[in-house]
Amino acid sequence: MKYFISILVLTIITLNLSAQQFEYISKENLKKKVEFLSSKELAGRLPGTEGYNKAAEFSAEIFKEAGLKPFGDSAYYQFLEVESNEILEPIEFTLINDEREEEFVLGDDFIFRGFTGNGNIEKEVVFCGYGISRPDLNYDDYSGIDVNDKIVMVFKYNPSWKINDEPWGTNYPREKSWTAFKHGAKGIIFISFPNDKSPQEHIGSVLHGSGKQINDFPQLHASLNSAAKFFKDTKHKLTEVQTIIDSTKSPLSFNLNTKARIQVTSKYQEKSKTMNIVGLIEGSDDKLKNEFIVIGAHLDHVGQQGKDIYFPGANDNASGSAAVLSIAQEISKMEVKPKRSIIFVLFASEEQGLFGAEHFVKKSPVPIESISAMINMDCVGYGDSIQIGNGKSSPILWEIVYTIDSKNDDMMVERTWSGGGADAAPFHDAGIPALYFVTTNSYEHLHKITDTAETLNYDLYYKLTKLALLTLIETADNYEREIVK
4 MKYFISILVL TIITLNLSAQ QFEYISKENL KKKVEFLSSK ELAGRLPGTE
54 GYNKAAEFSA EIFKEAGLKP FGDSAYYQFL EVESNEILEP IEFTLINDER
104 EEEFVLGDDF IFRGFTGNGN IEKEVVFCGY GISRPDLNYD DYSGIDVNDK
154 IVMVFKYNPS WKINDEPWGT NYPREKSWTA FKHGAKGIIF ISFPNDKSPQ
204 EHIGSVLHGS GKQINDFPQL HASLNSAAKF FKDTKHKLTE VQTIIDSTKS
254 PLSFNLNTKA RIQVTSKYQE KSKTMNIVGL IEGSDDKLKN EFIVIGAHLD
304 HVGQQGKDIY FPGANDNASG SAAVLSIAQE ISKMEVKPKR SIIFVLFASE
354 EQGLFGAEHF VKKSPVPIES ISAMINMDCV GYGDSIQIGN GKSSPILWEI
404 VYTIDSKNDD MMVERTWSGG GADAAPFHDA GIPALYFVTT NSYEHLHKIT
454 DTAETLNYDL YYKLTKLALL TLIETADNYE REIVK
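With the sequence shown counted from 1, adding 3 to any position gets you the working numbering.
Read the hints as simulated data drawn from the structure, not as lab findings.
Owing to the predicted nature of the structure, the values given are computational and were not obtained by experimental measurement.
Idealized CB from N, CA, C, for every residue including glycine.
It cannot be assumed that every hint is accurate.
[Unchecked claim] Beta-carbon label-pair distances, calculated as ranges:
(1) Gly212 to Glu243: 52 to 58 Å
(2) Lys238 to Arg137: 23 to 29 Å
(3) Glu60 to Ser213: 52 to 58 Å
(4) Glu243 to Arg103: 19 to 25 Å
(5) Glu204 to Asn151: 43 to 49 Å
(6) Lys395 to Asp199: 25 to 31 Å
(7) Trp420 to Val369: 55 to 61 Å
[To be verified] Result set (DSBU-like, lysine-lysine): computed pairs, CA atoms no more than 30 Å apart in a straight line:
(8) Lys365 to Lys292
(9) Lys215 to Lys57
(10) Lys72 to Lys34
(11) Lys292 to Lys67
(12) Lys276 to Lys310
(13) Lys200 to Lys72
(14) Lys165 to Lys274
(15) Lys67 to Lys30
(16) Lys365 to Lys215
(17) Lys342 to Lys410
(18) Lys126 to Lys310
(19) Lys310 to Lys238
(20) Lys262 to Lys235
(21) Lys67 to Lys57
(22) Lys276 to Lys72
(23) Lys240 to Lys57
(24) Lys365 to Lys410
(25) Lys34 to Lys365
(26) Lys252 to Lys185
(27) Lys57 to Lys274
(28) Lys232 to Lys276
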């Protein structure tokens with residue numbers, strides 16, 4: 004009965020709020036923020052760089068102007084240290100054989116991995132399947148093939164099959180790069196699976212895995228079209244080799260009878276200072292203001308390569324950051340604030356592995372048990388409908404947002420999942436109920452240079468941001484923390 008009454012009250016409140024004209028949550032205001040955050044001036048917002056710092060300053064200034072209380076280590080900044088790697092010119096990737104040279108185009112034909120090392124090499128290229136060396140499983144793509152002083156080409160991911168039901172381990176690029184390096188290789192070319200119906204082609208990425216950096220070891224991801232040209236002088240086609248390896252569960256490694264010239268300069272820092280941006284709006288209830296709702300989005304993206312190629316990250320995740328900033332502005336001007344206090348966070352280094360969110364949870368400015376719920380916004384500007392993740396782990400919290408949406412724009416699909424997702428995951432893992440706002444079919448431009456402000460669906464984006472605002476207010480006013488499933 005208590006829960007039914009809560010939903011009834013919720014419906015009345017949200018109907019009244021949704022009828023209001025919002026001052027800061029509008030298509031125009033959201034677009035303006037996204038355009039700046041995804042501009043070339045910010046160079047892809049890579050943590051540890053000037054571009055990310057400009058995005059942080061922009062966000063902190065909005066918090067300050069809106070009257071949010073600084074809630075970081077120093078003003079609005081909560082500092083942490085992460086690896087960083089800037090990719091600088093000269094940049095080159097060229098196929099070389101007896102008949103011709105073909106220089107590939109950065110962005111169109113290939114992208115360097117975010118943690119590539121330096122390189123200025125011209126070497127023979129060897130195909131080494133999955134790039135796995137597991138003698139303990141009687142599987143070794145490097146057995147019987149000489150890769151010393153050569154460049155290896157490998158599949159980016161691990162096989163879908165197993166040997167003796169044993170896991171392969173991680174397939175992070177750094178691990179596969181170290182495997183190649185230990186066998187004497189001088190560089191590595193990653194490729195996607197040619198047999199996938201929709202292979203994830205070369206994209207910007209700084210998700211590299213643990214371990215030390217290999218400073219003088221270039222790492223790039225070539226398009227399948229570019230990679231196929233290296234197989235021209237062999238008896239195998241690129242489209243065949245995955246099928247052969249998978250059907251036999253045996254390595255198929257061979258010389259490609261071509262060379263590649265690779266040039267790249269990287270500026271690596273093992274410990275680079277970056278920051279989350281954190282602000283507080285205090286609750287209006289004398290008792291409940293000591294409980295907190297966190298709403299957050301990651302501010303970072305994957306940077307730039309050379310002078311001309313940068314990853315705008317408009318949907319991922321200028322959209323979520325701009326939404327959080329606009330919601331902060333909207334709530335700050337309410338005459339009567341929500342009952343519980345609200346912490347607004349823009350996280351650093353999500354793209355590297357949720358480092359900013361993990362740091363916030365470990366170094367929370369309030370007791371972790373006083374956080375009643377977390378709302379995460381990631382990739383919320385492109386697509387055709389709304390999905391709310393982690394609803395199976397926090398079903399009561401999910402029911403709140405579902406009810407609000409059904410009484411308003413009815414844009415939400417019913418599919419959800421458990422276990423967190425993106426920056427919601429560290430909160431979920433700490434036992435905090437969390438929801439993950441994201442749009443459906445939102446990844447067409449993921450980590451590509453085409454993820455620009457012009458591609459966003461501003462009708463959907465506005466409705467989702469409004470839904471997040473109403474959910475946040477209702478949660479801060481009436482939600483009682485549930486046990487995470």
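Measure nothing beyond the straight line between the CA atoms of Lys365 and Lys410; if it is 30 Å or shorter, mark the hint as holding. violated, 37 Å
With the threshold set at 30 Å, check whether the alpha-carbon distance from Lys342 to Lys410 stays at or below it. Between Lys342 and Lys410 the Cα gap is close to 23 Å, so the pair holds against 30 Å.
Can you confirm whether the C-alpha distance between Lys67 and Lys57 stays at or below 30 Å? Holds, at about 15 Å.
Does the hinted range 43 to 49 Å hold for Glu204 and Asn151 at CB? violated, 30 Å
Is Lys72 close enough to Lys34, meaning Cα to Cα at most 30 Å? holds, 26 Å
Take the C-beta atom of Lys395 and the C-beta atom of Asp199, compute their distance, and say whether it sits inside 25 to 31 Å. With a Cβ separation near 28 Å, Lys395 and Asp199 satisfy 25 to 31 Å, so the hint holds.
Restraint check for Lys276 with Lys310, where alpha carbons must lie at most 30 Å apart: holds, 23 Å
Is the gap between the beta carbons of Trp420 and Val369 within 55 to 61 Å? Violated, at about 28 Å.
Please test the hint of 19 to 25 Å on the beta carbon pair from Glu243 and Arg103. holds, 23 Å
Holds or violated: Lys67 and Lys30, Cα atoms, limit 30 Å. holds, 22 Å
Is the hinted range of 52 to 58 Å satisfied by the C-beta distance from Gly212 to Glu243? With a Cβ separation near 29 Å, Gly212 and Glu243 fall outside 52 to 58 Å, so the hint is violated.
Run the distance test for Lys34 versus Lys365: straight-line Cα separation, threshold 30 Å. Violated, at about 33 Å.
Hint compliance for this structure: hints 1, 3, 5, 7, 13, 14, 19, 23, 24, 25, 28 are broken, all remaining hints hold.
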